[in-house]
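Visitor: Top to bottom, those sequences are chains H and G.
The first sequence begins at 7 in the numbering used here and counts up one residue at a time.
The second sequence begins at 7 in the numbering used here and counts up one residue at a time.
It should be emphasised that the hints constitute simulated quantities derived from the structure, not laboratory data.
No more than 16 Å apart at the CA atoms, straight line, and that leaves these computed lysine to aspartate or glutamate pairs for EDC-like: (1) H:K283 x G:D276; (2) H:K83 x H:E110; (3) H:K141 x H:D215; (4) G:K283 x H:E265; (5) H:K140 x G:E265; (6) G:K141 x G:D215; (7) H:K283 x G:E265; (8) G:K140 x H:E265; (9) G:K175 x G:D334.
Partner residues aside, some chain H positions facing chain G, computed with beta carbon under 10 Å: (10) A200; (11) Q225; (12) G235; (13) T237; (14) A239; (15) I241; (16) P269.
Some chain G residues flagged as far from chain H (calculated, every beta-carbon gap over 12 Å): (17) R35; (18) D37; (19) E84; (20) G96; (21) L124; (22) E131; (23) R170; (24) N214; (25) E258; (26) Q290; (27) D304; (28) G318; (29) L319.
Using N, Cα and C, we set each Cβ at its ideal position, and we do this for glycine too.
Protein chains: 2
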Amino acid sequence: MIKTPYLLFLGDAPDQLAAKVAIGIRDWRPDNAVGQFRMEGCGADLGLTDMTLEEAKAAGAKTLVVGVANRGGVISKEWKKVLVTALEEGFDLASGLHNLLRDEPDLVAVAEATGQELHDVRIPEVEYPIANGKKRTGKRCLAVGTDCSVGKMYTALCMDAEMRKRGMKSTFRATGQTGILITGDGVPLDAVIADFMAGSVEYLTPDNDEDHWDHIEGQGSLFHVSYSGVTMALIHGGQPDALVLAHEPTREHMRGLPEYTQPSLEALRDTALNLAKVANPDCQVIGVSVNTQHMSDDDAKAYLAKVEADMGLPATDPFRYGAGKLVDALEAI
Amino acid sequence: MIKTPYLLFLGDAPDQLAAKVAIGIRDWRPDNAVGQFRMEGCGADLGLTDMTLEEAKAAGAKTLVVGVANRGGVISKEWKKVLVTALEEGFDLASGLHNLLRDEPDLVAVAEATGQELHDVRIPEVEYPIANGKKRTGKRCLAVGTDCSVGKMYTALCMDAEMRKRGMKSTFRATGQTGILITGDGVPLDAVIADFMAGSVEYLTPDNDEDHWDHIEGQGSLFHVSYSGVTMALIHGGQPDALVLAHEPTREHMRGLPEYTQPSLEALRDTALNLAKVANPDCQVIGVSVNTQHMSDDDAKAYLAKVEADMGLPATDPFRYGAGKLVDALEAI
Numbered sequence: 007m008i009k010t011p012y013l014l015f016l017g018d019a020p021d022q023l024a025a026k027v028a029i030g031i032r033d034w035r036p037d038n039a040v041g042q043f044r045m046e047g048c049g050a051d052l053g054l055t056d057m058t059l060e061e062a063k064a065a066g067a068k069t070l071v072v073g074v075a076n077r078g079g080v081i082s083k084e085w086k087k088v089l090v091t092a093l094e095e096g097f098d099l100a101s102g103l104h105n106l107l108r109d110e111p112d113l114v115a116v117a118e119a120t121g122q123e124l125h126d127v128r129i130p131e132v133e134y135p136i137a138n139g140k141k142r143t144g145k146r147c148l149a150v151g152t153d154c155s156v157g158k159m160y161t162a163l164c165m166d167a168e169m170r171k172r173g174m175k176s177t178f179r180a181t182g183q184t185g186i187l188i189t190g191d192g193v194p195l196d197a198v199i200a201d202f203m204a205g206s207v208e209y210l211t212p213d214n215d216e217d218h219w220d221h222i223e224g225q226g227s228l229f230h231v232s233y234s235g236v237t238m239a240l241i242h243g244g245q246p247d248a249l250v251l252a253h254e255p256t257r258e259h260m261r262g263l264p265e266y267t268q269p270s271l272e273a274l275r276d277t278a279l280n281l282a283k284v285a286n287p288d289c290q291v292i293g294v295s296v297n298t299q300h301m302s303d304d305d306a307k308a309y310l311a312k313v314e315a316d317m318g319l320p321a322t323d324p325f326r327y328g329a330g331k332l333v334d335a336l337e338a339i
Numbered sequence: 007m008i009k010t011p012y013l014l015f016l017g018d019a020p021d022q023l024a025a026k027v028a029i030g031i032r033d034w035r036p037d038n039a040v041g042q043f044r045m046e047g048c049g050a051d052l053g054l055t056d057m058t059l060e061e062a063k064a065a066g067a068k069t070l071v072v073g074v075a076n077r078g079g080v081i082s083k084e085w086k087k088v089l090v091t092a093l094e095e096g097f098d099l100a101s102g103l104h105n106l107l108r109d110e111p112d113l114v115a116v117a118e119a120t121g122q123e124l125h126d127v128r129i130p131e132v133e134y135p136i137a138n139g140k141k142r143t144g145k146r147c148l149a150v151g152t153d154c155s156v157g158k159m160y161t162a163l164c165m166d167a168e169m170r171k172r173g174m175k176s177t178f179r180a181t182g183q184t185g186i187l188i189t190g191d192g193v194p195l196d197a198v199i200a201d202f203m204a205g206s207v208e209y210l211t212p213d214n215d216e217d218h219w220d221h222i223e224g225q226g227s228l229f230h231v232s233y234s235g236v237t238m239a240l241i242h243g244g245q246p247d248a249l250v251l252a253h254e255p256t257r258e259h260m261r262g263l264p265e266y267t268q269p270s271l272e273a274l275r276d277t278a279l280n281l282a283k284v285a286n287p288d289c290q291v292i293g294v295s296v297n298t299q300h301m302s303d304d305d306a307k308a309y310l311a312k313v314e315a316d317m318g319l320p321a322t323d324p325f326r327y328g329a330g331k332l333v334d335a336l337e338a339i
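Excised from the complex, chain H in its bound form:
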């Protein structure tokens, strides 16, 4: 568990796109972000207060989060100066970088000397159990996609936010680096050892109040041959009560697999529900989440209307038009 709130480190990010993780934190957990730390030449700006380490400390920040991709896969000397000083000032560090904080001897040494923690959210910090498949109390919702990167995390975050707005009991359960940094907790599922994948999802979504919903962040796709095993573990470890179908209509082929085309929403529905019923015979498909970011407003609305007619399910782009329809469907269960 990463201590909140954060100071968001943007370093010398060349542009806004490089600060994706920090933007996610600002958008979804604004209370977790007391300010931003930018170095000379930084091309990103979250619109948060620029703070020195001292100012952030005084404002209550506990962890410096590297919310930005670095250049060339190395943590530069310039970054190091800030990171080392942050440790010395009493910050923990958290990062989703490929090159790990724990592989930097100077950071490890200073963290040990100061008693601060280094969190590499790509690496599991827990020894997960093997899944036991026992029915858990509380409700769980999982988005499954026609492809990778079609908006499953945003769907879960939007539904969680909408539920909490309605005063319902709800928790977003992160299974990827960005989600873990946003919430400060979760399972980096793609880095878990095969035998423990489903068990890690059980661990992430334990018994809860009967009227509490976990919104589990989806990963991969049953139809994406590189990552389908991860998706399978989410479906069986998560034992969802509700599935949301997630789709991005403008893709020409499966992400990274030019020889593969996306399945239809009908094929996704049938395949995912069939498998989900192994772990939870009462599981239902409750709606469709369409990522319309590459469509005009008119096209998006026409597409959503067609999906609703074809599938007989509520369909929305929860990021663009709100998650109300999907949460209505959950409330109706």
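Please build the complex by placing chain G on the supplied structure of chain H, with the hints as guidance.
Guide: Chain G in isolation, oriented as in the chain H frame:
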């Protein structure tokens, strides 16, 4: 890759059952086993020549294989004496034990000093790629089970042996500890990191002659919630041309999951084929392998006849009655 042939170390195994791995090597790769090494009080006997380390070395043995489960999860002092001497005599060591050879400082030190290798076959020795899903040349067959431990490895080994007997091109591709020790090579799939599972199966079953068959050792079951993700990765990474349905009819519930019942063969057929077609649209289900070890000869034959009638597929217990029917079906593709 583990150097063959082996001297099979049975230690002080209390009984034959504890020597399961060594028995597998003797049965399936007899050429790999020059003899057995038994300590005082050993209750197992493979019927191989008892050899000292010197005799085995003279007979050409290159690796001492720990083909036996140890007691209490520790490598005892008595074992250590033999293992250290073996390293000093020029043997590599290979083991599928949970407690790793590499975690024993004395073994590591002696291996380094003597230049010998320690193989813990539970741990991947390769950095596997992420699966790219590209169509590979050659043919692949995979057994998928209604449950874990229903005979998928034996099915693959039997089919491989039958094919080679017929002069066909065939390779058994190991994905578990026992299979890896039997053949000296393979992927310990249950220990691979989630993102690389399917890629490790692609790596294991590369391009080959058009008339060559890989028999991929199956793992888990699509209907076993603890391990279904591993099975999924085999189906998509292996891109099988042929599936064999594997079943054990006397199970009362899924292995280790008392709340779960086995699926029907029809459900397994439909679910597995649907998913396999994502990676290989030409995939076919070619037969049923039934593990009849807990049935009388009459019951087994009656059961197989009923499966053939119900499913319209050849059905056999390949270990008991031969894999001929299944290989006939592959030849017909």
